[in-house]
Each structure stands twice: as C-alpha cells, then as structure tokens.
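Asker: Spelled out from the first residue to the last, the chains are:
6 protein chains.
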Amino acid sequence: MDPFTQITSHITNAAKKLEFSSDEIKTLLKPQQIHKTNLTVEVNGTRQEFPAYRIQFNNARGPYKGGIRFHPKADESEVSALAAAMSIKCALVDIPFGGAKGGVVVDPKQQDSSTLELISRAYVRAFVNYLGVDNDIPAPDVYTNPQVMGWMLDEYEKIVGRSEPGFITGKPLALGGSKGRDIATALGAVYVLLQYSKSVGCNLQGLKIAVQGFGNAGGTVAKILQEHGCVLVAASDSAGTIINLAGLEASDLLKLKLEGKSLID
Amino acid sequence: MDPFTQITSHITNAAKKLEFSSDEIKTLLKPQQIHKTNLTVEVNGTRQEFPAYRIQFNNARGPYKGGIRFHPKADESEVSALAAAMSIKCALVDIPFGGAKGGVVVDPKQQDSSTLELISRAYVRAFVNYLGVDNDIPAPDVYTNPQVMGWMLDEYEKIVGRSEPGFITGKPLALGGSKGRDIATALGAVYVLLQYSKSVGCNLQGLKIAVQGFGNAGGTVAKILQEHGCVLVAASDSAGTIINLAGLEASDLLKLKLEGKSLID
Amino acid sequence: MDPFTQITSHITNAAKKLEFSSDEIKTLLKPQQIHKTNLTVEVNGTRQEFPAYRIQFNNARGPYKGGIRFHPKADESEVSALAAAMSIKCALVDIPFGGAKGGVVVDPKQQDSSTLELISRAYVRAFVNYLGVDNDIPAPDVYTNPQVMGWMLDEYEKIVGRSEPGFITGKPLALGGSKGRDIATALGAVYVLLQYSKSVGCNLQGLKIAVQGFGNAGGTVAKILQEHGCVLVAASDSAGTIINLAGLEASDLLKLKLEGKSLID
Amino acid sequence: MDPFTQITSHITNAAKKLEFSSDEIKTLLKPQQIHKTNLTVEVNGTRQEFPAYRIQFNNARGPYKGGIRFHPKADESEVSALAAAMSIKCALVDIPFGGAKGGVVVDPKQQDSSTLELISRAYVRAFVNYLGVDNDIPAPDVYTNPQVMGWMLDEYEKIVGRSEPGFITGKPLALGGSKGRDIATALGAVYVLLQYSKSVGCNLQGLKIAVQGFGNAGGTVAKILQEHGCVLVAASDSAGTIINLAGLEASDLLKLKLEGKSLID
Amino acid sequence: MDPFTQITSHITNAAKKLEFSSDEIKTLLKPQQIHKTNLTVEVNGTRQEFPAYRIQFNNARGPYKGGIRFHPKADESEVSALAAAMSIKCALVDIPFGGAKGGVVVDPKQQDSSTLELISRAYVRAFVNYLGVDNDIPAPDVYTNPQVMGWMLDEYEKIVGRSEPGFITGKPLALGGSKGRDIATALGAVYVLLQYSKSVGCNLQGLKIAVQGFGNAGGTVAKILQEHGCVLVAASDSAGTIINLAGLEASDLLKLKLEGKSLID
Amino acid sequence: MDPFTQITSHITNAAKKLEFSSDEIKTLLKPQQIHKTNLTVEVNGTRQEFPAYRIQFNNARGPYKGGIRFHPKADESEVSALAAAMSIKCALVDIPFGGAKGGVVVDPKQQDSSTLELISRAYVRAFVNYLGVDNDIPAPDVYTNPQVMGWMLDEYEKIVGRSEPGFITGKPLALGGSKGRDIATALGAVYVLLQYSKSVGCNLQGLKIAVQGFGNAGGTVAKILQEHGCVLVAASDSAGTIINLAGLEASDLLKLKLEGKSLID
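As they're listed, the protein sequences go chains A, B, C, D, E and F. For what it's worth, the working numbering labels the leading residue of the first sequence as 1, then goes sequentially. For what it's worth, the working numbering labels the leading residue of the second sequence as 1, then goes sequentially. For what it's worth, the working numbering labels the leading residue of the third sequence as 1, then goes sequentially. For what it's worth, the working numbering labels the leading residue of the fourth sequence as 1, then goes sequentially. For what it's worth, the working numbering labels the leading residue of the fifth sequence as 1, then goes sequentially. For what it's worth, the working numbering labels the leading residue of the sixth sequence as 1, then goes sequentially.
Please note that a few of the clues may not be correct.
Copies of the same chain look alike in the list, so a pair counts if it works inside one copy or between any two.
Calculated cross-link-like contacts (lysine to aspartate or glutamate; reagent style DMTMM-like; alpha-carbon spacing at most 20 Å) [as the list claims (entries may be wrong)]:
hint	residue 1	residue 2
1	Lys-30	Asp-75
2	Lys-30	Glu-76
3	Lys-158	Asp-182
4	Lys-30	Glu-49
5	Lys-223	Glu-249
6	Lys-26	Glu-49
Hints are computed from structural coordinates only; laboratory data are not their basis. All values derive from a computational prediction rather than experimental measurement.
Based on the sequences and whatever the hints tell you, model everything.
Answerer: Written out as structure tokens, the structure reads:
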C-alpha cells in the first residue's frame, strides 16, 4: 500500500469514529494543491534534472506549513502523505497553520555542496509564487538542514527584494533561527517520556535506558535523560552497539559522533 | 500507450532526426510545471469535487498559451500531451508564446449552466497565481466555449481588480473577443486545401466534395469551398449521410444544424 | 435633526469648549472619504440590490476602524455619524486607530443565510480597495455577527491570495478571533458600574438590580453582577417583564433566551 | 427636477422602448461606485476645503472613462448624471470603455494657478486607488484644461513611481497628448452638419451661417465651415454680437478672442 | 584623511586582529549601494537644489538602519563612513539590522520651516524605492528631529497608501514614536558612567561633576546624575560657563535652555 | 577635463545660445539619480568585485533609456556624461524617452563567458528596483552584445516572475529583438551620407570610398555603399590597411572578419 493510501485510510477510520459527515471526510482525503516541476541545474557544464514537489494539503486553519526533504525516493504519494500528516499535527497542537510538504528527488550524499546550493535555490525559484509568510512556510526535513534553509532564505529575499526571515523555519541562528530548535526533537521525546513515567508511577532516578540510534535526536535524548538520573547502559548506531551496565557517558559519545566517528571506534 | 508517452516518443524521433543534443531533447520531454487541484463547488447544498489541471509545458518562447477542456476523461497524461503539442504548434507558426493546457474532469452535458459557471470561476480562483497576460493565457478547448471564457474573464477581473481582456482568448465579441474566431478553424482547413490544390494543379471550380461531420468546422468548410466553386455532393453527421450529385446547398444545411436538427431530418 | 447633524453639533460644542482653532474644528466635521455602492446579488434567479456604505471619517491616529451594520434604515447620515463617533472613541481610549463605519441597507431578518453570505461577500468585493490591515479594519455591528465576519474574511483572503486574519475583528475563535469578545460589551458596562459604585460609596453586596433588555449584553451584565453579590429582582425583554423581589437566577433566564424563548414563557 | 432624476427618466423611457427587462433597466439607473471627499489645501497659511467627487457609473464595457470638472455648482446629482451620460456615449460609439465623471466644487476663476495646481494634485491623491489605465481614465471637462491634466499626470506618476501617460487623456502634446484633440469638439459638430446637409440635399457652398458662442468650439466650427464654402454672417460671445451679411473672417475673430478680447472690441 | 578612508582603515586593522579572511575584509570596506540625487524644491517661486544621499553599507544582518542628517558639509565620504559605523554598531549590540546613513547638503538654520518640510518630503519621494520597513529604516541624525521624521512618515504613507509607522524611528510620540527616546542618548552616557564608576570603585554620592554642552544630551545627563547624588559644580554652553562649587540645579538650567536662553543669561 | 565637465560645458553653451533660463539650465547639468554598487561574483571559489553604475540623467520626456557598457575605464564621470548625451539624443529625434547609462568596471576580454554571465545577472539583481519597461530601459553599449542582453532579460524575468521582453533592447531576435538592429548603426551613417551627397550634388555612382575600421559598423557601411554604386578602394582594421584602386569586395572582407581574421590576412 503506497504511503498516501495508507494515511487516507487512517484518516477515514478516525473521521468515521468522530462521526464526521461525508462532505467533511472528503475534504480530509485530497491535497488542495499539487505542484510538480523539474529543477534544472548545470553542474560542470552538464545539465541535470531533479523532480521536485510542493504539495499543499489544507490551509483552513492558517498558512500551509511543512518541511522539504531531499531524498532519492521522494515521490508524489509520499510527499502527499506527509503533507496530510502535517495538517493533522498542526491542528492537534492547535497552532494556526495548515499542512504542506515538499520534496526533491536527489541523493544529497552523492552531490557536493555547491550542487546542493544550486538545487536549493532552484527549488525556491520554481515555487516562489505559492510560498510566503502568509501562504506557505517551509522547514527542514530528511537530509535538509539549517544550511539548506539559509540558501533558500537568501534566494527568496533576493527575489522579493526585502528582508523576510519568517519565510522559512529551521534557518541558522545568525539569520534569525529559533534558539533551542537543535534539541527540540529530543526534548519532545523526553517530555513524552516524563509524562508517561509520571502516569505509570515509574521513577527515572536510576532507571536503565538503552538508546537505538545516536544522532542528534537519540544522542541528545540520552544526554538529557542522564541529567534526569537515568543510567545509559547501551547505545547503538549504524556501525554497531556498545553496552556497559555500569553506565555510559552520553556526552562523551555525542562528542565522538560529532567528530564523525562511530560509537564502536 | 498513454497520450503523453505517445507524444514524447514522436518528439524524441523528430529531435533525433534534427540532431538535437541530449540536453536539448531532455528539455522537450517534461512539462516545466504541473498544477493539480480539486475544484469544490456547492450544488443545491451538496458539495461536489472536480479534479482540475493546469500543465505548463514550456515558456522559452513567451508566455504559456493553451486551452482548457471540460471532459470526464481528462487526466494528467492527456493534458500534458496537449500542453506539449501547444508548445510545438506555437513554435511552428512562430508566434511568441509557449505551450500549456488545462482540464477539468467533468461531463458538461450532465451539469446545468449555473454549475458550469461555478466550476469556471473556481478554476480561475485555483490557478490565478500562475495565469496572466504575461504568464499563461487560456483559451477554449473541447466542451468549453465563449460563455465559459466570459465567466473566467469576469472572475479574473474581479480578483485582480482591473479590466484585463487579454487574460483569455476565445471570449465573446462583446467582451473584446477577436472577430473571425468562429470560422477560424474552418478557414485554416480551407487555406491548407487551397495551397494543396494549387501545388497539384487541381482546379477547385466544379470540384466535387464530400464533408464528413457538419458542425461549426465541417459545415463552414463546405460553405466556404462552395464559394470557391466546389460542388458539395455529400454531407454526414452523427445521425446519417445525405447525397445529391447535383449539389447540396451548404448554407441551408448549416441553418438546419443550428436549429438543432440532423442533416437527415 | 439627522444623526450626522446631531453629532457634528456635539463635536462643535465640545471643540469650542476645548478652544480648538477653526481649522481644527473643520477637520472634525467631515468624513475624509465616503464610498457608496449597490451590492447586486442573485437570489433564486432574480437580481436584488442593496445600497452599501463605507464611510471613513478620520485616520490621523492610525488605520480606520469600525463595524458594518446590516439594517433596513442605514443611510449616509447615520453611517457618517457612527464613523465620527468611532474616531472619537478610539482617540478617547488612546488606541492607534481612526474611525470608520459601514452599512448595508437590508433587513437581515427577512433574508436567509445564503443570501446574507452573498451580501457579505459582495460587500468585501465592492470595498476591497479601501480596506486592509494597514488601512481600514471592519468589525461586527448591529445585526452582523461572527458568522458574517467569517464570510467577509474568507472572501478577502480569496481575493488577496493570502492568509490575513487581521483583516477583520469579531471573527469566530476558530478563525483567529479574540477570546472574551462575546462578553466584552457586558463587561464594559460592569466595569463602569463598579467604578461608579466605588466613587459613590455604594456596596454591591445585596444591591437590588433590574435589567431592561436581556440579550447578550443585558443578560450577561445581570449574570456578572449577580456574581458580585447583586440581587436581580426584575428583567424584561421585548415580550414582557418578570419580577421577583426574592431574586431571579440570571443564568436560568439566559438559558431560556438562548433557546429562543421569551422571559415570560 | 435634479440632473440625475432627469437622465434616469430619459434612460428609463429609452430602455422601455427597447424592451429591456426590469433587471437590465435597474442596472442602468444607479452608479456602481460613488466616492466623495474633501480636498484640503493650504493657501497662504490658511486651510481651504473643496468637496470632490469621482462617480463610476458602469464598467461592463471596459475601464471607466470621463472628465473632471472644476465648478462651484458641481454636486453629487450632476456628476452622477454626467457619469451616466458618459457610459451611454462610450457604448454608442462602441469604444471599449465604461462611464464615469469627476468634479471639484471650486470656482477656478477665483483661484490663482498655484492653488489650482494644489487642488489638481490633491484630487489625484484622494482618488488614486480607483483610477488607473485599466480602471478609470480621467479627462478634462468644464474649466479644466491640458495644464490641469499635466499636473494630475505628474502627481500620479510620482505616486506610482513609473511613467504612465495613459493615465489621463487631454494632457499637453509634450506629455503624450493626442494631436488634433484641440479641434476635436468642433470637428465633431462639423461632421454632424456635413452628414445632415448631405441627407437633406443642402449645398454648403455659399450657405450663410451664424455662430453663437465663439470660444474654442464655436470659433473653430466657424473657421472650418468657412473652408467648406460657408459664409459667416454673424458671430456672438458673452459680450455681444457682430453681423456682416457680406461675410466675417473667422480666423481674424479667433485671433481677437485668443488675445482675450471680445468680438465687439 | 577623509572620513571614509579613516573608518575603513580602522575596520581593516580590527579585522586583521580578528584574523578575518581577505574576502571577509573586502566585504567590510565598501557600501553595498550608493544613491545620490538633487532634491529640487521651489521656494517663493525660485528653484533650489540640495544634493542628497542614501548610502546602504551592509544588510547581511537585517534591513538597513541609519539616520538622515541635514548639514551643509554632508558629502559622500562622510555619509559612507557613518553608514559603515551604523553597520558595526548594530552588529555590536546584536540587533537584527544592517547599517545605512542619509544626508542632505543644506544648512537648516538658514531655511524656514516650510522649506525644511519640502526638503523632507522630497527626500522620501527620491528614495522611496530603497526604503521600507523590511529594507531600510531611517531615523533622525544631526539637525533633523521628530518634526522632520513626522513629515517624512506622512509623505511615505501618502505614497504607499497605507498606515506604516514602522517606516521611520524617532518620530513624535503622537505618531507612534517610542517613549523614552528623548532622553535615550543621555541615559546611554549615564549607564556607561555607572558601569565605569562601579568597576573603579568610585562612589557617585557627592561626586562633583562638570558638564560641557548643555543641550538635550548634556543637560539631561546632568539632571540624571544629580538624581544619583552627584553635585553639578560647572556647566557650559556655546555662550559661556557658569560655576558654583556648592552645586547648580540642573533642572533650573534645562528650563532656561528650553526658553531659548543661554546658561549665562 | 573629465567627460562630464566637458559635456556640461557644451550643454551650457548651447542652452545659453537658446536663451534658456538659469533654472532650465540647472536642470540640464545634473543627473536626477546616481546608483553605484559593487557586483560580487564568485569565480572558481574566489570572490571578485566589479564596481557598477546606473546613472539616470533625466526622465521628463519618458522612461530613462540607455546602454550598459562593460569597460575597465568606466567611471562615474564618463557614465554621467553618456547619460546626459542619451537624454539629448532621445529629445533630438523626438522619441518619448529620457536618458540614462550604465557601466561595469570590467575588462570583458579577460573574463570567460560564464563570468560575464554572472556579472550580467548580478547587474540586473543590483539595479532591478530602478529598471523596468515604464522606468528605465537598458540596451547594449561598448563590449556588451545581444548575448549579454539575453542573460539580463532572463534574470529580470526570473525576478519579476513574468515574460517582459520590453525590459531591454538589443536582445537576440529569438527573444524578441528587433529585426534590422544589427545593421542599424551602419544604416544611420549611410542615411546621413545619402542626405549630404544629395545636398552637395555629389553622385554616389562610381564614388571612391575608404573605410577606416571594418567591424560591424564600418564593414556594413562599406557593403551598403557598394550597393549604392560606390567603389571601395581602401579598408583598414587594427592590424593594417589594404588598398585596391580597382575596388575591393566588401562582403568578402566582412566574411573574413567574421571568421576572426584580420583584413591583411
């Protein structure tokens, strides 16, 4: 089952339980606008094309909001599904935004930085008419980062001819990014765990934890939980797993990862 | 083979014969922008949805140009193919326009006039950002007519807040439409025939002709060729065929058709 | 004496007491801009016209601000007078807004909801050039409510093509309306009474009150004053009056009214 | 009977003869938009106010078009009537424009040139939102001339920040005005007379003519008719009448008038 | 050495100490945009010209920000130097603005108020394309004051047709100016002194102070320091110096200055 | 004497002979707007800066018009002088344009094509606010050609998001350039010669001509004059001179030059 069929099936089930009318359900099952293009970029004299999407699911609650992913397997179904999820996530936490998502079919690991900059700028040029602080506000997603957001913001400001930092979120702090965004994903996971442990009467002090995946999200979760008294007994990354029942030091491991090494080095 | 695969295969063959580079061919095989939406229209208190497209193939030679069809079988492949054809047709006659096409998935024969007006206006509202006299100029196509163009023009002028008759072609004369557009298709066929008969040394005077299909195009061709001395000996429509070797009077038959009758009545 | 002559006579008297110059007084006696139109709406196939006004009195202190009333007796003099009053009210409480007012000559009790929606949308289309978050910000007034503001906001956002909740105040909470606006009028009256009772040394505890008019304003005043210890001994609406020296329960009466009944039912 | 009642009564009569529907007649009896303001101008340190109007009658056939008059007796009824007449005149000669009219309540003979310039510029500033080459195109009318149009054009171009000579007609030749406009009114009268004389079989050669009013219109008519063989036997202006059955020389009299003298001087 | 050579030499020295790359240094040594014009103003029928500048040094950190001075010796080098200084000052206190500066070559002491108003309005008209709340935000500087800012704001709002108080800072309180701005310069000096005295262990109580220059800055510094316990023993203005070892009363002296008198009167 | 001093001295002399007022002369001696910037372009990883100018001399007669030169010695004085000359040239031939000029300080012979493209695009980005079909219309000048105009047009259309071929003149035919522009300079010279020879009674048939400089201008002049019967006896380019009293064939020599060879090869 493709991703969009999957999410619309979930939505339909939920909407029926909530006794939505068939007109209301219909609204929740199709994106309002789908935009597709091919970004054309000249790399070392040869022209390369990268299919690109911006799919705007629903803006009934405010401007569209959603990240842009750079991924070789991004396609219309997946980006539509993620745009639908964004609409529901924004509604759930009751912020005045709708949902959208963008994607470029590219493997960023096989492109150098200057090609990625050209792709980022071409994306903004292609979709500039449908984006903007009161229309649709992008953000980072899989394989895009603050640097990509910075290129996109710069391109947008050049086109519209004014300073407009609200165009995009997840940009570098120096360009007006939000403090705390780097650990926001990890903090979210910790908050959920704190609520859960309280509700089940579990004490974090001395609790043994194992963290699978030790990137920015997993590693930071480990570090924060350690500060709450948990004991990190195991940690893994794509290269392997380390175990120490007496406790590992999360900040040491994070430093290791930042140097580009693996946990098992 | 779907329509878009078909046309890109033709284009590829032609481009190879013309010895285009692979970069040049690549440009001719993909639309620059695909826009899809669902037009939502409230008819007698119930909400109906009509998928709608605007596909912009290539604007290297000037603003996009291409009609909008209302057809139950319109889809992304067909509309893309027609947009590609528009790009090539505009280039062929060397007018400074690129090619685009639009479509709404609707059977206009099963909708009353007020629903068609709502759909026409919704189409303009959905795609207003990508249309405009210097960007993309629509026109009538299958099952859309001057009346539909008039609704679309009115909706556009209300949104942009100014008089802008150049927004759309094929509109009614009273709103700034072009004189002669009603017989333009027929005239085009006649011009081709005139050139052909000259090149093969055939004399039109007394030439016997038979016309298959007697709508605005076929019937008008018959009428004009009669003025050039041809003798109309046979004419057919979807109901049947009439034959008179001594000659039929094209204008009488056209009058019959305008009254909604068949040739065989 | 018509409403505008009345208010300008008050203004002249006040301005003379404050020793304004004749140039200064002149500025206070005429609206800066008067816009009049006829809203044309098609109801069940017949065209109806509703005269409509937007009168912008003075914007020296900031964007114009003022409600739109739907009333069969709205006219240029009344709307001008109300626009003048808005200018003075905004200045009095020192908020950075000028004053304006709008009106449509229609009896909303004799129109169904879909006609009112058409009128609301036509009003925005007619005056869109002079409205906007930095120019003139409408609000509800007599016989217009959050639903009307919602239609107007939706029409405005469709025309300008962006999310702009600041366009209008008094809109539904779900569209960005302000919490507390529903009881704001009543609270204002209560605050005045609280100040007054303090200044004359009157104790609210046990104070007997009678409330004339038991709609959203009057009924809510009664309910809040009851919470301050007052005893509601009489209440009236357009159908009649009820009296109980031992005290009536305001929230019961409000519930009755919400069900569309009269106090004397 | 005020001017607007008068013209709408004429329109109603004509429309009934043409068997227009009551909906169609309704459309012809009310201006689409009325804009009123007070132009405030500082002359020698004291503030003066001049009521001003722009009344847009109908734009179904294209952008509004109509002159601006400076006249002490201009009022809403008169300007509305003239706007209605413009709509009908433009339709009659089948040019793609609707009808509008503007007016300022001022006696230009009692104002010096610099005050008139301030009034002209203030007029454009007040109504700039509703004017423009695709919306509403002003022109000279009673007591306004190419110089006034030049000030208005200059003010408009300063506000919009671009060269836009199409904003206004009747401007000086050096700013893009049309050649021949100075004698256009006279030529129009002559053309009518030529058609009429042809239709009644009257020979212009030797025909005796008397011209009442010898300004730009009347004097030029006399001069052109003389070139067609007519004999000018009498001419009058506000100061008196001169008669010469043997013939007066129109160009001499025009020269006299241009020097500011009267015909009887 | 001209002012711009001077400041770029300082910048180069500092940048070298901070080990900036030569590319980075290059960016700090040239304004991004220089705009020059001649403001033409008609005073009593004769045309006067005033050279005017807006020099935008760097906007990497946000919209340009910087004052406009009216000074007979303003020139390209000085205004460029001040624009460079503004860029560095904004960066130093870490507010999201770049640096710019404007100047008009005029001696405001030799012009009456109405000429200064004309110059202020002409300045905005000349540079309106490069200014704006998201592009470049002016402020007062030498010989310009809240009144000048008010004229400039009014001109800007007339041109753009909307309320936009953020266009300029240093405007009068009644137009949206910031409270406290009048004593901000003096307070800044006092804050520096407070920090300094604390760091050197000096007690302000009873400290004898002498103030050279008793305008808005110097006089206010004296008044505030007196409130901190300092004793004002000497004060001077361009006319002379007064001394009283027992202490002078700063507020009395300020009142004297406000009446347009000298300290020695 | 620098170029601008030189031309203003010529203008002053001419204006005095024409008895212009001192106010009128003043207007002719200073550009209305001077814009300067540094174009920053990244070539092979290192940042290069190229000072760039757009100087708008006078737009009283219509939008500014004037070329952009790429030259190592372009400076403010020279570009100002050329902008002044453009104003006078446009007025002389009575076309509704004012005069401007642009320049970039770069030696195009020392830059490869991709750097020149980056410079061309950066120029448009820097000055986009002051250019446009109703404001200021660039053209080629020394060392800029149709290719450069094409890059500039493409950059402009990308920024404004619409097709706008009128933005620039001298662009390639395929992008909407004017037919005949390539031989326009030569034709102008021939027209002058034709008029001159007629006025002095000289017969072109058999007239011997020598052409100094055999680029697009000189070579084409030779070719056209040959068609008028002249005999080309000598031709020179920067490499040398060839002489043949019996006559040289201009079209052969032009072909030689087009192949990049010298006349003496």
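Asker: It remains to establish, for every hint, whether it holds in the given structure.
Answerer: Hints versus structure:
1. Lys-30 x Asp-75: both (16 Å within a copy, 16 Å between copies)
2. Lys-30 x Glu-76: For Lys-30 and Glu-76, the Cα distance is within 20 Å both inside one copy (12 Å) and across copies (16 Å).
3. Lys-158 x Asp-182: neither (27 Å within a copy, 34 Å between copies)
4. Lys-30 x Glu-49: Classified as between; 10 Å across copies, 28 Å inside a copy.
5. Lys-223 x Glu-249: Answer is within: at 8 Å inside a copy they meet the 20 Å cutoff, but 57 Å across does not.
6. Lys-26 x Glu-49: Cα proximity of Lys-26 and Glu-49: across copies only (9 Å, versus 35 Å in one copy).
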